[in-house]
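*Asks:* Given next are the chains, with one letter for each unit.
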Amino acid sequence: MDIETRYEGSALLAKPLEKRLDAGNAPAFKSHMVNYILEDHLHIAIDLSEIEFMDSSGLSALLSTLKTIGSRGKLVLFGVGRNVGKLFSLTRLDRGVFEIHEDKHSALQSLNKAI
Amino acid sequence: MEEPGKIKLTIPCRLDHVHLAGHAIKGVLAETIKDSELVFLIELAVCEAVSNSMQHAHGCNADCNVEVSIFLCNSELVIEVTDTGAPFNADLLKNKQCHDPEDATCEKAAEGGRGIFLICRAMDEVKYKSFADRNILTMRKTIKPTDRDGEP
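Residue numbers (this note's numbering), protein chains in the order written: chain A, 62 to 176; chain B, 313 to 464.
Bear in mind the hints are in silico, worked out from the structure with no lab data behind them.
Hints are supplied without guarantee of correctness; some may be wrong.
Claimed, not checked - Far from chain B, by Cβ distances over 10 angstroms, these chain A residues were calculated:
no. : residue
1   : His93
2   : Val95
3   : Asp101
4   : Ser110
Claimed, not checked - Some chain B residues judged to face chain A by a derived CB distance under 10 angstroms, without partners named:
no. : residue
5   : Cys359
6   : Ala421
7   : Gly427
Glycine residues also receive a C-beta, built at the ideal position from the N, C-alpha and C atoms.
Here chain B stands alone, though its shape is the one from the complex (with noise of 0.2 angstroms):
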C-alpha cells in the first residue's frame, strides 16, 4: 500500500522523457513552494538523479524503467530515484566537492561529471543504497516556512 501523499511516476529509460520528470516534480512543489530559485534546484536534483539512472544503470534500454517517488510532509521533501540497473558508486556521495572547479579555466574544466555534484548542492541530504537488485537514490530537502506558498 502506498503511503499518503506519495506520488509515484514511472518513466521509460529515454533521454528525451528525462523532462517529463522535471515537470511533475515542477507541478508537485508549484503548489506548495513560492521560491523559485528552490523550485528549480530540486527540479535539476531530480532531472540529474533521473538521468545517471537512464544511462549509467539502464544504459538508455528503453525497455528499462526509472521510478521516481515524491513524498511531501510539512516541511520535509524526500525524492526517490530507484533503478534496477548497474549500481553506482557510492562514494561519489562522500565528495562534494567533485567537479567544483575552483579558478577552473576552460582548459582544465571537465567537460562531465558534474551531475552528483549538482544533487548533492542542491538537496539537504543525499543517500544511495543498493539491495535487493534496486538502486535507490534518496534525496531530502527541508522546505523552510519562508519558502512556502502563502506564509508570512
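Same shape as in the complex, but just chain A (with noise of 0.2 angstroms):
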C-alpha cells in the first residue's frame, strides 16, 4: 500500500494514497503505521482524502494504530469524506475515540498542541 509521509515540525503527516482502505489493504496500511511508531513517530495526522470507501477492516487498522499510540503520543483525523464520515458515525467512533478534523491546518495545531 503506497503512504505518502511528510513532517510538519514534530508531528508526520500520512495520506494513504489509496481509494479504498478494506479488508484488502487493512492489514498492510495497520503494518505501515506500526512501523512509524515503532520509529519513534507518536504525534501522526492521518489524511483521509483520498479514501473513497472503508469498511470495518479499516476501521480496525485505525483503531489499532490509536491504541498503539496510546497516551504516548496522539493520532488525528482529518479529510474525511462522506462515506467514510457515514462509517464512522454509524460506529459512534468518531465520538470520543477519534479526533476528527475538517482539514490539515486544525489537525496539526491539535497535535503540536500536544508535543
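Take each chain as given, in its own frame, and dock them per the hints.
*Replies:* Written out as C-alpha cells, the structure is:
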C-alpha cells in the first residue's frame, strides 16, 4: 500500500494513496502505521482525503494505530469524506474515540498542542 | 435456471478480491439508485458479508469461492452471499446493538467485530441459514421511489 509521508515540525503526516481501505489492504496499512510508531513517530495526522470507501477492517486498522500510540502520543484524522464519515458516525467512533478535524491546519494545530 | 434479473458473481476467497464484489454491486446500483450514501451502505454490507465468508467460513483458502447474487425487482433489492465453509453463529444477527459503542473511549473500543453490526445497520432485513453444506446470508433493502434514479 502506498502511503505518502512528510513531516510538519515534530508531527508525521501520513496520507494513504488508495481509494479504498478495506479487508484487502487494511493489514498492510496497519503494518506501515505500526512501523512509523516503532520509529518513534508518536504524533501522527492521517489524511483520509483519498479514501472513498472504508469498511470495518479499515476501522480496525485505524483503531489499532490509535491503541498502539496510546497515551505516549496522539493520533488525529482529517480529510474525511462523506462515505467514510458515515462509517464513523454509524459506529460512533467519531464520538470520544477518534479526533477528526475538518482540515490539515486544524489537525496539526491539535497535534502541536500535544507535543 | 436463473431467475430473470438475477446477477451472480463467483469470487475466489482472497481478501484482495473483496473490492471486486464492491465494484460489482456499485455498478449494478449506479443505474438505478441516485442516492450515493445509500449505494455506499449497500456496498459496505456486501463487502462485509463477503470478507466474513472468506475469513471465517473458508479461512481465506483461495481454492474456495464465495458467491454473490444480486436481484433487484421494482423496489426490492435482495443480495445473497453464499459459501460452503464453516457456518457462523447466527445468534450474532439478533443483537443489532453489538459493538455499538455508545460513549466509547479508545481503551474500551474493540478493534474488530463490527462487520455484522454494519450489515444490520445498512440493510432492512438480514437472515442467515445453513443447510446442505451451504451457508446463505440474505440481505434485503427496500429502495424508496425518492432513492431511484429519474424518480421525482
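*Asks:* Next step is simple, just say for each hint if it's right about the structure.
*Replies:* Here's how the hints hold up against the structure:
With a minimum CB-CB distance of about 16 angstroms to chain B, His93/A clears the 10 angstroms threshold, and the non-interface call stands. The non-interface label for Val95/A is consistent with chain B: the shortest C-beta to C-beta separation is roughly 13 angstroms, beyond 10 angstroms. Every CB of chain B is more than 10 angstroms from the CB of Asp101/A (nearest about 20 angstroms), matching its label as outside the interface. At the 10 angstroms boundary, the C-beta of Ser110/A stays outside the reach of chain B, the nearest C-beta of that chain being 16 angstroms off.
A cut of 10 angstroms between beta carbons decides the hint on Cys359/B: the least distance to chain A is about 5 angstroms, and the hint holds. A hinted interface residue such as Ala421/B counts as satisfied when its beta carbon comes closer than 10 angstroms to some beta carbon of chain A; here the least separation is about 5 angstroms, so the hint holds. For the restraint placing Gly427/B at the interface with chain A, the shortest Cβ-Cβ distance is roughly 5 angstroms, inside the 10 angstroms limit, so the hint holds.
Checked against the numbered hints given earlier, this structure breaks none of them.
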